[in-house]
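Novice: Just need the whole structure built from these sequences, with the hints factored in.
Using the working numbering, the letters of the sequence shown map in sequence onto residues 1 to 723.
What the hints contain is simulated information worked out from the structure, not anything from laboratory work. Certain hints may be false.
Stated by the list, open to error - Here are the in silico distance ranges between beta carbons for each label pair: (1) Ser694 x Phe171: 54 to 60 Å; (2) Thr692 x Gly57: 46 to 52 Å; (3) Phe689 x Ala319: 43 to 49 Å; (4) Asp421 x Arg536: 45 to 51 Å; (5) Gly194 x Glu106: 35 to 41 Å.
Glycine included, each C-beta is placed from N, C-alpha and C at the ideal position.
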Amino acid sequence: MTRAGWIGGAIGLAAAFMLLAPQPDHDDLVRQIVSRGLAKEASARGPLFDNLLGGGGTFSLDAPPLLQGPFRAALNVFNADLDTPIVEVPAGEAPLTLHMQLREREGRISITGGFAAGLAVVQGVLPARWSLLAPLAAIVVALAFRRTVLALYTGVFVGAVWLRLEGGASFPYSLAAGAWDVPTRFLWHEVTDGFRIELISFTFALIAMVGVMIRGAGVQGFVEWLLRFASTARSTLAVSFGMGLSIFFDDYSNCLIVGNTMRPLTDRLRVSREKLAYIVDSTAAPVAGISMFSTWVVFEVSTYSAQLPAAGITESPYAVFLQTLPFRFYCLFSLAFVALNILTRRDFGPMRRAEERAVATGELVRRGGTPLISSRMTGIEPFPGQVPRARDALLPIGIVVAVTLFEIFRGGGGFEILDRDAGSLLTVEGITGVLFKGGGAGPLVTAASCGWIVAAFLAGSRVVRVALVSGVAAVLLLGSPLAAAASAVPAKAVAAALFAGTAAVTGALLTRRGVTTDRPFLPWAEIASASIASVRALLFAIVILFGAWMIGSVCEQARTAEYLVALTSGVVTPVALPVLLFGAACLVSFATGTSWGTMALLLPNVVALAAAVGAEHAIGSFGMVTVCIGAVLEGSIFGDHCSPISDTTVLASVSTASDHMDHVRTQAPYALSVAAIAVFAGYLPTLVFYDTWSFPLAFGTALLAGLALLYGLGRRIPDPDPT
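Specialist: This is the structure in structure tokens:
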């Protein structure tokens, strides 16, 4: 079939899906819109909840059934910051009665509620099937044309036009207004978002550090050291996999550190960039998602903890999380499949063709492919005369990891807890709470900046070192109480002296071409050049990353996720429920590109449903809740793992300098295979044979299924010629 035929077929299938998509469950749609609106009202301490503070800590509720569950979940959010939680009591036993009403008209719903003092209003719009249009357009264009930027911004534009049409505008006006909204509404929102800026800063700082390490021959020294353990393609991929498992605390750090570190070695051994991207991507989110000591854990727990008491579950939310681990089939099977793939050195589908191309021709990227890091980065060579030293790469990487953990611990209040109650840090709740509160992109920015400073210090001349030490000392002094501690010298004078000294040293550095020294060094111009070249090489990737964030924002405003969830809520038998939830989470996360958003959307509605359905099955309510929570968490990570609009999927392509759509295309068959194994070796047998089926049986069956796929469909990839 010609490309035109493929494109026409893809468009036809997408149009058929849009037109033939069934009507979702109405009550489920309303419940989701209500839940989201009330949760926002609670977190913002809106009047609907703030008025509860006047009731002496108790109130009675008069509301329709559709409002009661979402309101109680939102009340838990509101109570989180209160010393004395507000409690609902039976009617007539409290000084305040909260009256709530739900109104619906032409697809728009409003919630009114309050006391005698007046009414507060929460509004929402029920999504239609056209809410699928933006992600569907992006995925179809991406797969048909293999143009990631075109696909993402087409999806954003289509979604912006639809949102205008939904608001009642005419079609010609919506086209013009949608085009205007892309830069002024959606792009501006992402550019001004603090977390996005910090994440971009982290990426720039880390990639600049890698550029300095390459120019200073540190990466070459590290590669030569690794050759003792990774002399073949198999052992090199095994080392990559091991590094991915060791950086378990954050998926962003995992992607960028492992990919950038291992790429020079895999390039030398003719491992395709697609294969390295798969190893990196299939390790980052899965290992962070199941690790008890990662920045993910508290968020995962927080999405369902408020609903446990209403379902009659008195166990700690963290204890529930631990009991979901045997049902985290997708993550566990993904990691196992990566290990089998490396050990057997067998591949199938597009990945096999990519590997055979790299081995036979040395083309690490498909001819015509566009790596997300340009040749400015991959073409950086060690500066003449530099001596390869592994420590010049190992120390900066170690500093990044150590400073990240330190900053997370500090930002999460770890030192305060040590002073107040050190023993609480030995509990799961204590350490994961610190990780969650201290998580985010801020610690990553600090860590990557420190890594760049260390890399420049190790590679640079004596003048470079003096300038770096002076600058760091100035920053530390100005940012600490020491700046104001000297009573004889005003703090501003100290700051001015430090700035002048640092400026003088830096000026001398910039005006001198060389410095007499007894060791090879990088002059400042080379350090700056390598850093700037590395950052410039990322500009194309940053365009894609912003496109992924923008289409995620479009999907949120179009309520795509709510529609998909309601679409799959019709079948609720005990055996089918975990499979249904896993499939729904996969679909939502793939379409929206966000695992955390999918968790936040699905899990608040899952606990009560699973408890009710589980009561009719021998597994029981608690057993069904743990299985279903695990299924939702796993399906959410599926999209984060392989969606073309997921930020971690983009970062995996960035760190390995792979063509993004080639990475998605080669990884998708493996991800879908593991998802199928998770269903047929994990969730279905667990419910059908609940009394005999256990995790060892599930894991063993998954290993056999993985081996059957690799040996049945795959072909062994030969080692490249030594020449």
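Novice: Just to be sure I understand the hint, the distance between the Cβ atoms of Phe689 and Ala319 should be within 43 to 49 Å; is that true here?
Specialist: Since the Cβ atoms of Phe689 and Ala319 sit about 25 Å apart, the hinted range of 43 to 49 Å is violated.
Novice: Taking 45 to 51 Å as the stated bounds, is the beta-carbon spacing between Asp421 and Arg536 within them?
Specialist: Holds: the Cβ-Cβ distance is about 49 Å, inside 45 to 51 Å.
Novice: Tell me if the beta carbons of Gly194 and Glu106 are separated by a distance inside 35 to 41 Å.
Specialist: 37 Å Cβ-Cβ, so the 35 to 41 Å window holds.
Novice: I want to verify a distance hint. Is the separation of the beta carbons of Ser694 and Phe171 within 54 to 60 Å?
Specialist: At 58 Å between Cβs, range holds.
Novice: For Thr692 and Gly57, compare the CB-CB distance with the range 46 to 52 Å and indicate the outcome.
Specialist: Check passed, 49 Å falls within 46 to 52 Å.
Checked against the numbered hints given earlier, this structure breaks only hint 3.
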